[in-house]
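Respectively, the protein sequence lines represent chains Z and R. Numbering-wise, the first sequence is residues 1 to 793 according to this note's numbering. Numbering-wise, the second sequence is residues 794 to 1102 according to this note's numbering.
If you're looking for bench data, these hints aren't it; they were derived computationally from the structure. Because the structure is a prediction, the values reported are computed rather than measured. There may be inaccurate statements among the hints.
[What the hints assert, rightly or not] DSSO-like, lysine-lysine: derived pairs with alpha carbons at most 27 Å apart: (1) K175/Z with K195/Z; (2) K260/Z with K1074/R; (3) K971/R with K952/R; (4) K428/Z with K1065/R; (5) K583/Z with K386/Z; (6) K952/R with K310/Z; (7) K1074/R with K521/Z; (8) K298/Z with K952/R; (9) K310/Z with K1074/R; (10) K80/Z with K1074/R; (11) K583/Z with K573/Z; (12) K1074/R with K11/Z; (13) K1065/R with K8/Z; (14) K952/R with K11/Z.
[Stated by the list, open to error] Cβ pair distances, simulated, as ranges: (15) T992/R with P578/Z: 32 to 40 Å; (16) L969/R with S15/Z: 37 to 45 Å; (17) T570/Z with R967/R: 50 to 58 Å; (18) P384/Z with L969/R: 51 to 59 Å.
[What the hints assert, rightly or not] Not the full set, but computed from the structure, chain R residues with beta-carbon under 8 Å of chain Z: (19) T801; (20) W842; (21) L999; (22) S1023; (23) T1056; (24) Q1060; (25) N1091.
Glycine residues also receive a C-beta, built at the ideal position from the N, C-alpha and C atoms.
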Amino acid sequence: MSIPMIGKVIKPLASDALISEPHLVLHVTSGSANTLVMIPMEPRRSKERVYFVGYSYFPLDEAIHQLESDNPKLTILDFKPRPIATLTDRELQLRYRRKGQRIAIPLRKRSRRYGLIKRLVEDPSAMLLFDKEILRVKIAQRAKERAPTDDDIPRLEEAIYRSLNQYWAGGSDRKALTPYSDRSGAKGKRRKLNKKPGAKNRPTKAGIEGVEGLVRSERDDLIIRFCWRNYVIPHTTVASALRSMWTDFYSIIVVGTDGKARSEWLPISQRPTRTQFERIGPQQDQNLEAWRIHLPKKGYEHLYRPLLGKATDNIFAVGQRGAMDSTPADVELVSCDSRLARIGLSHRILVRDSLYGYIPGFYSGLERPSGHTALLAFLHAMSPKKEWLEDLDLADEIPLEAWIEIAFRQVHADNTDLRTEAVKAALKRINVGLSFVPTYRSDLNAVAETGHHIIHRLGDHHLSGSNYGRRTQRGEQRAEFRARHTLRSLERETARAVYTHNTIELDIELPLPMQDAGVRKTRLDMTRWVMDQGKVAVHLLDMSTLRAEILPDIRGTFHRDGIRFLRPDTGDKRVFVPRLLYKSNHPAILARMAAAGSPHRKQKPEAFDAIFKYHPYAARHAWFRDPHTLELIELDLSTDDPSLVHRATYYDVIDMKDRAGPERYFQEDRQQHALGKLEEGQERANRLAEEDYQSALAAYGKEPTKSEIRANKSSNRAREHENHCLDGMPIRAPESSSAPSEPLDTDPAPINVEQQSMEGVDTANENHSTSAPKADDSIYRKALAHRRHRETP
Amino acid sequence: MARAPKITMPRIAEWLREGVGQGHGEDYRPLPFLEIRRWNPSAISNQVWDWLPPFIRHGHFWCRSEWYLALLFTWVGARVREQYPLWPWRHPHPAYGMDQDIDATLPWSSGIIQICRDAGIDHGFFVGTRIPYIWSLDLLLALTWVQEPTSGTLLVSVKPQPIERHLMPDPIDRHLEKLEIERRYAVEIRSPYLIATATQFPGPLLGQLEWLKSASLMPQGGTHDAILQSFLDKYRPDLADRPPAEWIDLLESDFCIERSVATYVIQHCLWKQYIDCDLSKHLDMEQPPHPGGMALRNTLRNYLASRQP
């Protein structure tokens, strides 16, 4: 129940409230009297006179009603005295006593006023003063006591009234009777000028009136200081700055006889003189010291401004506001397919929660910061990390529970990557807002900036090829010479550093509820605890929707064996992304693959193109949105090199193909060489075989007929198999044998066509010496010896 | 780097045809050159681009103070239009078009050029042109609980005062002139006028509203709405004595829903004040909520409605 208490302030909240301005409660009478005595706290001002009005009566029940309802019209506040009314006598004396004064004027006035009412307010029956009749009588009585003459009584009565009102309105305290000396002129207060100060100019000395010069107003001083700050710059003179000021601020537009407008300076007596310019201009502000004036623009704001708050003020929940910023990683990298090829620095975008600085995701890649990469970082913060950890071979090292998926409802960033229409369009679809720091004030995005420093120190600066975030020092080996890590390994190390950042124990004092709950002092545990409490900015979007809205598009085409993506960087030329093939057994995908692979299709290949969603840094999956059902269908990667997902990003795969271009040129030449050599050997073999055949033919004497060729084919084959083959393969003689052990059989061959191939050959080469090995089978030996002999160049 | 759009009369005419600065609610769109774009970052303020319930339109707020105030007034029940154009020429009352039956009764403004002329203040042009500048108002509120359309339209000027302004005043700064013209404009259209800044309100109130805003929308008649109604029917009398964390547990166990959904429903309760909870005080989820949120909202409503034209 809200009851007005003596000494409390009642303030109106609505125009139809019981009172129209704040009142101080002086007396409360409940019961049948039902009266509330209140006095306005603020004095009235009339013709430079300041005075307080007296108290009034109000119905108590009405006041309580207006205080208590669900729709309150009054509220209760604590009383707060004027600052000067808190000073003791000694403090007043020290502060306001001037030279030659024994007692300071405010103190003297206060004492005199209190002397007038002291007997009234210190009387045990002072409460009766809240009856207006009694008040009037008592004041009259008091005035009569104090007045030297009867003529002074009315003046004294009025003075007592005024003092009493001031006493009550100031909280019924003697100090409340202090005059408003703090509002009188004091150091720093501007003096009113009636004429131009300083020496008279020559015309005035000569008696000419109206040219005394400009009597500066406060605005004139403002203009002069402004022009001194902004116009007196290097390569300009004070005189030209003064003229610029006259043109810009002390001129009027005059239309000439030619109809053209031009600016014309005011008369000299209405413009600041050079002396005034030089004197007032450097006086920027009495509160400003020299170092402050000479700071560069925004230097003060950046370095010395009193900090009234922090970037994390008004953050109460996880995901309420995320901070995002990009930075180059301080590590020189090498290519993943050639460790000798340097590829320079990569870029990193961190996403950090503003509540405790937890990092739920990041982007690490070669692409420059852009809306595209910023969205990828944003998506990474929201995505489950299981597959990602597996791809980085960190699944055993970093527990999956250490990663919290956070979908931020507002992202704070500087005016770079996120300030694009593409990002706004994507974030609008998932109801996420953005806020931007002022220009050149990245220090106001402290959450993200400190995150950079931490990750640089935890990760980058411990890796081979680190440039330590500074220029190479004299005698130090350059970072690119020390480069050893690939983009993928840097991502892995960044993941490790982020994990450490999130789970390292902090040197802080936890809030008491966290201490009670036994929460560890890590960003992860603190964030998770707050989330478990329900203090998380909720979103009800599923991952499918997020992917559909955030992931970039890529054109691909359906094939009989799957879906291949087309490189986005080749224009109209259709070039497939190599080695990556996506498949799904979803009916919609299978139908399209079947249509594309049909031998009877009449459409061009372009007819089977479609837009897909892909994650450039997680090639394991891609997505296709069915235009009919709007379902986002997940596609699985099918590749001949499973290590790709662990070692390479999507861009690396494209890069591999490009990088292999020169090598492929020579590779093709080597292929041609090999094929040429093969064909050359085949040609020679054909020629020799033909020669053998012709020899046999000559021995036979005539061309065998077709029936002779077809006859005995089975028996010939069986004899060949039996005599010259082992397991159906020709018997191979040992190559170490060098000389024949017996002379060659030179018997003429029978004319049987079945035997012509072997025996005929022997006949034709009977005079040839050979190095055939010794073998059990003489026919075989002969044939082999003959062949070797022929193949000898 | 994107550039500022070149202001020409045909372009302004095109904006007018497109209805820029004229719609209400979801259809409203501020002046294109006052939308947060690549080319117009602020040198001194945190710009905010975010949506305000019950609409999904993203608003363009040129400082965080504007954003917080717009959020606060939205929570109270007002409909906010940001960067509302004050056209140089004669134009209808901002409430024009909301209700066709009363459109004819609404006063018209003579235009800012005329108001400036009466006040002896230079109106100004777009830089480098002779096209009159289009002044704008930081926030324009439609107080949905006020019947009278003119007094139910509140003009709000959000004016933060950074320290630099005090220490190094700028004679080119026309804030006072601008405020005076806005005041005269408000008088002319018989609508109240308010100058405010976010620091006038408790930080926890603004921060917690920002947090709860993400749960402010819940489709009527949907699953979540049905769960919420059942939950309130069952537990409403007891909830004031139980901590919000317990509300979530109750929802989760009684309705067999995911914790994220339960959290969403409870946050929606807090935003809507179905359970009285003073959001100007730090909300401890382990303690029963402080009552006073409804009174605070009503107080703010009364305060806004009591502003005199």
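Kindly indicate which numbered hints from before are broken by the structure, ordering the numbers from low to high. 1, 2, 13, 15, 16, 19 and 22
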